[in-house]
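Start from the sequences and build out the full structure, keeping to the hints where you can.
Its first residue numbered 340, the sequence shown is counted upward by one per residue in my numbering.
These aren't lab readings, by the way, just hints derived from the structure by calculation. Cβ coordinates follow ideal geometry from the N, Cα and C atoms, glycine included. Among these hints, one or two may not hold up.
Claimed, not checked - DSBU-like, lysine-lysine: derived pairs with alpha carbons at most 35 Å apart: (1) K622 <-> K539; (2) K587 <-> K622; (3) K477 <-> K539; (4) K539 <-> K425; (5) K477 <-> K622; (6) K477 <-> K425; (7) K587 <-> K539; (8) K425 <-> K622.
Stated by the list, open to error - Here are the in silico distance ranges between beta carbons for each label pair: (9) Q609 <-> K587: 21 to 27 Å; (10) V554 <-> F482: 39 to 45 Å; (11) Q605 <-> T439: 24 to 30 Å; (12) D572 <-> S355: 28 to 34 Å; (13) H600 <-> D560: 17 to 23 Å; (14) L564 <-> L473: 28 to 34 Å; (15) Q462 <-> L523: 22 to 28 Å; (16) Q609 <-> R466: 38 to 44 Å; (17) R466 <-> S355: 23 to 29 Å.
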Amino acid sequence: MTTTLQTNSTTPFGLSGICDSHTHVFPPQAQFPFSPTRHYTPDEASIEELHALHRSIGVERVVIVHPSPYAADNSCLLWALRTIGKSARGVAVIDDHTTTAALTDMHQAGVRGTRLNLETVGQNDPRVGQQQLLRTAKQVAPFGWHIQMYTNLGVIDAMHDTIMQAATTVVIDHFGRLNAAAGLNQPGFDALLSLVRSGKVYVKISAAYRVSEAVDYADLDPFVLALIEANPDRIVWGTDWPHPFPPKGQVRKPEVIERFHHEDNQAAIQRVVRWAGSAEHAKNILVDNPARLYDF
340 MTTTLQTNST
350 TPFGLSGICD
360 SHTHVFPPQA
370 QFPFSPTRHY
380 TPDEASIEEL
390 HALHRSIGVE
400 RVVIVHPSPY
410 AADNSCLLWA
420 LRTIGKSARG
430 VAVIDDHTTT
440 AALTDMHQAG
450 VRGTRLNLET
460 VGQNDPRVGQ
470 QQLLRTAKQV
480 APFGWHIQMY
490 TNLGVIDAMH
500 DTIMQAATTV
510 VIDHFGRLNA
520 AAGLNQPGFD
530 ALLSLVRSGK
540 VYVKISAAYR
550 VSEAVDYADL
560 DPFVLALIEA
570 NPDRIVWGTD
580 WPHPFPPKGQ
590 VRKPEVIERF
600 HHEDNQAAIQ
610 RVVRWAGSAE
620 HAKNILVDNP
630 ARLYDF
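If you want it as structure tokens, here you go:
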């Protein structure tokens with residue numbers, strides 16, 4: 340069974356093919372159990388709810404990112420991709436035990452990348468990131484996949500040369516975990532700009548609430564403008580729906596179901612249009628760049 344994304348008529352600039360490049364789904368645990376080693380336990384979030392959101396904001400394509408509570412069991416991701424069909428692509432999580440046959444099956448289902456999530460587990464040692472990046476690149480390069488990294492600017496800065504040498508394209512999650520309040524001169528942002536400028540790296544302008552506490556995330560404006568100036572062909576956008584993000588100061592506990600962060604996704608997509616500044620750049624970020632990156 341497949342479902343088709345249908346959109347309303349209020350899409351930015353009348354664009355077709357808008358892609359939400361960062362989402363998750365969390366069916367009931369009875370259907371897809373979480374890993375016993377997970378760092379948090381999210382609430383439920385269904386494909387139907389995701390479709391409803393996308394219809395309301397004019398999104399036609401979606402990227403499902405395999406979330407950390409499932410560890411390297413991609414069963415939920417593959418089910419979601421096959422349920423949604425050709426309008427969906429996926430980013431998986433793999434390990435040393437993932438076989439070529441498993442990668443082939445994932446590719447056929449719509450997976451086009453794999454994720455290295457250093458941030459959620461508190462891994463800030465760039466040497467670990469370098470080892471994982473190079474090892475994973477060897478596994479997925481034959482499939483033409485990219486590697487999506489969730490880490491911070493300090494690690495990105497230290498890994499700059501390794502990222503440039505990797506056998507795959509690299510995608511940096513959630514603004515590279517910059518600190519919007521710290522300004523453009525904060526350590527590591529120049530390294531991120533350099534990577535984007537080179538064409539080796541894409542950046543997801545997603546989950547603004549992870550990096551900014553300002554009203555309407557206004558302090559992110561100069562960062563996004565700098566990224567677009569560096570290379571408008573290497574920016575993609577995502578909602579991070581259903582927004583798995585704990586309240587400030589709350590310690591994540593796997594035995595407690597974590598409620599999702601509330602976010603205005605209509606405002607989020609309009610913010611991207613404002614950041615883009617032109618129909619051309621909006622089309623780059625919302626349509627053309629994700630179509631290229633995810634092989635739509």
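Comparing the hints with the structure gives:
1. K622 <-> K539: Holds. K622 to K539 sits at ~20 Å (cutoff 35 Å).
2. K587 <-> K622: Cα-Cα ~34 Å, so holds.
3. K477 <-> K539: Status holds; Cα separation ~16 Å.
4. K539 <-> K425: The hint holds at about 27 Å.
5. K477 <-> K622: Distance ~32 Å between K477 and K622 Cα, so the pair holds.
6. K477 <-> K425: The given pair, whose Cα atoms are some 27 Å apart, holds under the 35 Å limit.
7. K587 <-> K539: 33 Å, holds
8. K425 <-> K622: 21 Å, holds
9. Q609 <-> K587: 21 to 27 Å: 25 Å, holds
10. V554 <-> F482: 39 to 45 Å: 43 Å, holds
11. Q605 <-> T439: 24 to 30 Å: 42 Å, violated
12. D572 <-> S355: 28 to 34 Å: 19 Å, violated
13. H600 <-> D560: 17 to 23 Å: Distance hint for H600, D560 holds at roughly 21 Å.
14. L564 <-> L473: 28 to 34 Å: 33 Å, holds
15. Q462 <-> L523: 22 to 28 Å: 26 Å, holds
16. Q609 <-> R466: 38 to 44 Å: At 41 Å between Cβs, range holds.
17. R466 <-> S355: 23 to 29 Å: 45 Å, violated
In this structure, the hints that do not hold are numbers 11, 12, 17, in rising order.
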